[in-house]
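So the sequences go chain by chain: A and B.
If you're matching positions, the first sequence starts at 1 in this note's numbering and goes up one per residue.
If you're matching positions, the second sequence starts at 1 in this note's numbering and goes up one per residue.
Just so you know, the hints here were simulated from the structure itself, not pulled from any lab data.
Please note that a few of the clues may not be correct.
Said to hold, decoys possible - Chain B is faced by these chain A residues, among others (derived, beta-carbon under 7 Å):
#1 Val-14
#2 Glu-18
#3 Gln-178
#4 Lys-182
#5 Tyr-186
#6 Pro-188
#7 Val-189
Unchecked claim - Among the chain A residues that face chain B by a calculated CB cut under 10 Å, a handful are:
#8 Ser-30
#9 Gly-125
#10 Val-187
#11 Lys-191
Since we're looking at a predicted model, the values are computed, not measured.
We treat Cβ as the ideally placed atom computed from N, Cα and C, and that holds for glycine.
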Amino acid sequence: MHIAVVLKQVPDLVEELEIDSGGKDIDRSSVKMKLNEFDDHALEQAVLLKEASGAKVTVVAVAAAGIDQALYAAKARGADAALKVDAGGDLLDSRRAASAIAEAIKQLQPDLVLTGVQAADDLFGQTAPYLAAALGWPHVSVVSGVEVAGAKVKVHQEYAGGRMASLELDLPAVLGVQAAPKPPRYVPVSKLRQAMASGALETVSVAPADELSGVAVTALAKPETGRGAEMLAGSAAEVAEKIAALLGERRLVRA
Amino acid sequence: MSKVEPGRTKEEEHLEFEGMDISGHWNRMFEQRVIWEHDTSMLDKVTSLAGAESLGFCYQCGKCTPACPVDLVGDYSPRKIFRKTQTGIDLFTSPDLWLCTTCMNCLRVCPKEVNMISIMPAVREVAVAEGNVPPELQKAFENTFNHGNPLGEPARKRADWVADAGVPVTILPKEKRPVDVLFYVECYWSYHPRGKDAARALARTMVALGVDWGILGHEEKCSCDSQRLAGEKGLFEMIAEQNIATLGKYEFKRMVTSDPHAYNAFRNEYPKLGAEYPVQHYTQFLAPLMGSLPWKRKLDYKVTFHDPCYLGRHNGEYDAPREMIQQIPGLEFIEMFRCKENGYCCGGGGGGMWLDSFTANHTSERLSERRVKEAIETGAEMLVVCCPYEVSRFEDAVKSTGNEGKLLVRDVIELVDEALQ
Numbered sequence: 001m002h003i004a005v006v007l008k009q010v011p012d013l014v015e016e017l018e019i020d021s022g023g024k025d026i027d028r029s030s031v032k033m034k035l036n037e038f039d040d041h042a043l044e045q046a047v048l049l050k051e052a053s054g055a056k057v058t059v060v061a062v063a064a065a066g067i068d069q070a071l072y073a074a075k076a077r078g079a080d081a082a083l084k085v086d087a088g089g090d091l092l093d094s095r096r097a098a099s100a101i102a103e104a105i106k107q108l109q110p111d112l113v114l115t116g117v118q119a120a121d122d123l124f125g126q127t128a129p130y131l132a133a134a135l136g137w138p139h140v141s142v143v144s145g146v147e148v149a150g151a152k153v154k155v156h157q158e159y160a161g162g163r164m165a166s167l168e169l170d171l172p173a174v175l176g177v178q179a180a181p182k183p184p185r186y187v188p189v190s191k192l193r194q195a196m197a198s199g200a201l202e203t204v205s206v207a208p209a210d211e212l213s214g215v216a217v218t219a220l221a222k223p224e225t226g227r228g229a230e231m232l233a234g235s236a237a238e239v240a241e242k243i244a245a246l247l248g249e250r251r252l253v254r255a
Numbered sequence: 001m002s003k004v005e006p007g008r009t010k011e012e013e014h015l016e017f018e019g020m021d022i023s024g025h026w027n028r029m030f031e032q033r034v035i036w037e038h039d040t041s042m043l044d045k046v047t048s049l050a051g052a053e054s055l056g057f058c059y060q061c062g063k064c065t066p067a068c069p070v071d072l073v074g075d076y077s078p079r080k081i082f083r084k085t086q087t088g089i090d091l092f093t094s095p096d097l098w099l100c101t102t103c104m105n106c107l108r109v110c111p112k113e114v115n116m117i118s119i120m121p122a123v124r125e126v127a128v129a130e131g132n133v134p135p136e137l138q139k140a141f142e143n144t145f146n147h148g149n150p151l152g153e154p155a156r157k158r159a160d161w162v163a164d165a166g167v168p169v170t171i172l173p174k175e176k177r178p179v180d181v182l183f184y185v186e187c188y189w190s191y192h193p194r195g196k197d198a199a200r201a202l203a204r205t206m207v208a209l210g211v212d213w214g215i216l217g218h219e220e221k222c223s224c225d226s227q228r229l230a231g232e233k234g235l236f237e238m239i240a241e242q243n244i245a246t247l248g249k250y251e252f253k254r255m256v257t258s259d260p261h262a263y264n265a266f267r268n269e270y271p272k273l274g275a276e277y278p279v280q281h282y283t284q285f286l287a288p289l290m291g292s293l294p295w296k297r298k299l300d301y302k303v304t305f306h307d308p309c310y311l312g313r314h315n316g317e318y319d320a321p322r323e324m325i326q327q328i329p330g331l332e333f334i335e336m337f338r339c340k341e342n343g344y345c346c347g348g349g350g351g352g353m354w355l356d357s358f359t360a361n362h363t364s365e366r367l368s369e370r371r372v373k374e375a376i377e378t379g380a381e382m383l384v385v386c387c388p389y390e391v392s393r394f395e396d397a398v399k400s401t402g403n404e405g406k407l408l409v410r411d412v413i414e415l416v417d418e419a420l421q
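Throw the hints in and build the complete structure from the sequences for me.
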């Protein structure tokens, strides 16, 4: 069993985001990156599968600034190999990234590909479906629970209203992971340092993807701040009366 | 340990003794078990770790039990840890592993020098490496790794408190110049709202004294002593190396810090990494200067004082904060019955600061809650502290014990500042 986990980093929202002078992207010079939370769960799911029934886990990511740290951390968490995909640019949209990664996956020939269901930066959720389409493999997204059974994989998929589907796919397959059964485990710094000292991040170059994403950012803006809230003072009855009056005055309800 | 072997239990179905019917379980007796009938391999697993050897020295005298602050609110103490481990409890996965605050009161009374300050971090390090970390503590570790502080606040905002200090503060990365005093602000004074109050009070006091001082601004990172004691030695070493490199860029004659844990780190742990600094806790720096402060008013408060474990027991300083309290005009000072060498612990040390819910689930009350009750018993209206962990811990404890309005909590520097205004 060989599992490939596709990772990417997203801006860490601990730092306040600024829009760059072009107005179409955030200012990436001062931004700190962190592993996409759903990819973190995909990695945990892969490591759990490895622990349960034995597997080789390879983490794969588009070569981008700061990605080495995430790949070393993944190795410290239990990944056996790490592969950077150099596609001639580091800010690829989901479609271009998926197409570049699909080339690397074809070379790796894993039995199962896991990635996060979506990422906080674009909330696009298309990496897993694009990958599956490029590879011609079956795909399920919003997965929260994976079990390997011979040449098949059983997964749980969440629906609204607390309903859950149990699905079975032929391997090889691509899964978009919503949540691992356990929270992602801690990586002790000593293990991280060991992983960094052992080096060996492989890089594979693929032809730059020329596919169009079909989505272009025309402008990026911060949410507008409205006027400050108006605090109503007084007893509950007085406040209720003021609210009723305001609703009428501002024509928010019919008298 | 609690396994009952039927063959070794005596129980008479019908028994009368001095007219009393003690049939069945009322007369149940157990045969004694000798220690080698237990699985003692867990003790060997602990004592084979570098730093944890001394757990095996315990001869069960029990002096540590009444001294242990956790035993007072739970079933703990090093003696009990030894006995449980000796009889087969796995300390590496037991909740007991995370309850010790490394306050050092046990070591103070131990005739065998069983050193929990060194045992706990060694065992915790193994647990951390195996991924066995309570989630709250894991978050604090990750925050420290990613942002340089356990609160998960942005590094860039570390010196934001300066803007409201009302006095100029030299931020060394912006204004490169040699200073007399490098003030190591530490995380809670940099980010916690009540900590920032104290940092601003300190800035105004430094200016009133005419001290030539500066801070590291966004380049400062957590000293990481509590993370080390909580079992993340690798994180401590990594951040310490970064701090040492940062400190190496600036010229200063001495270092002063807000935090007894940072003081402990710079005084006792950084030298092991080859970096020695002339360092003082701010109470040690300010106590001799109190006479030259231009006091403006008397403070009419009845106060008591809580000794920080890492200033007092760990580093032997009990006088400096008391000298400050005594020199602030107007204060009436009352000692708590547990003070100085036998001071109680606030519960924040050794990682306890980031194990609040975990500890609360395994004790009858928080250590900080116990302590504010002791402070109120003295008749004082204010609890004075000098550790950045404590203001928020004790203020929360005043609220959670339903004592709101009965006890104020102030950092000693806030009182100095108040008397100067």
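Next item on the list: So, Val-187/A near chain B? Judge it on the closest CB pair being under 10 Å.
Entry: With a minimum Cβ separation of about 9 Å from chain B (threshold 10 Å), the hint on Val-187/A holds.
Notebook entry, point to check: If you take the shortest Cβ to Cβ gap from Tyr-186/A to chain B, is it below 7 Å?
Noted result: 5 Å, holds
Margin query: Min Cβ distance, Gln-178/A to chain B: is it shorter than 7 Å?
Written below: Status violated, d = 19 Å.
Margin query: Just to be careful: measuring from the Cβ of Val-189/A to every Cβ in chain B, is the smallest value less than 7 Å?
Written below: 3 Å, holds
Margin query: A closest beta-carbon separation below 10 Å is what the hint needs, so does Ser-30/A meet it against chain B?
Written below: Holds, about 8 Å.
Note to self: Does the closest beta carbon of chain B sit nearer than 7 Å to the beta carbon of Lys-182/A?
What the structure shows: With Cβ-Cβ at 10 Å, over 7 Å, it is violated.
Item checked: chain B contact restraint for Gly-125/A - C-beta distance below 10 Å -> 25 Å, violated
Margin query: Val-14/A was flagged as interface toward chain B. Is the shortest Cβ-Cβ separation under 7 Å?
Written below: Hint on Val-14/A: holds, closest Cβ of chain B at ~5 Å, below 7 Å.
Check: Measuring from the C-beta of Lys-191/A to each C-beta in chain B, is the shortest one below 10 Å?
Finding: With Cβ-Cβ at 7 Å, under 10 Å, it holds.
Next item on the list: Could you check if Glu-18/A really has its C-beta closer than 7 Å to a C-beta on chain B?
Entry: This hint is violated: Glu-18/A lies away from chain B, its Cβ roughly 11 Å from the closest one there, beyond 7 Å.
Notebook entry, point to check: Taking the least C-beta to C-beta distance, is Pro-188/A closer than 7 Å to chain B?
Noted result: Status holds, d = 5 Å.
In this structure, the earlier hints numbered 2, 3, 4 and 9 are contradicted, and the remaining ones agree with it.
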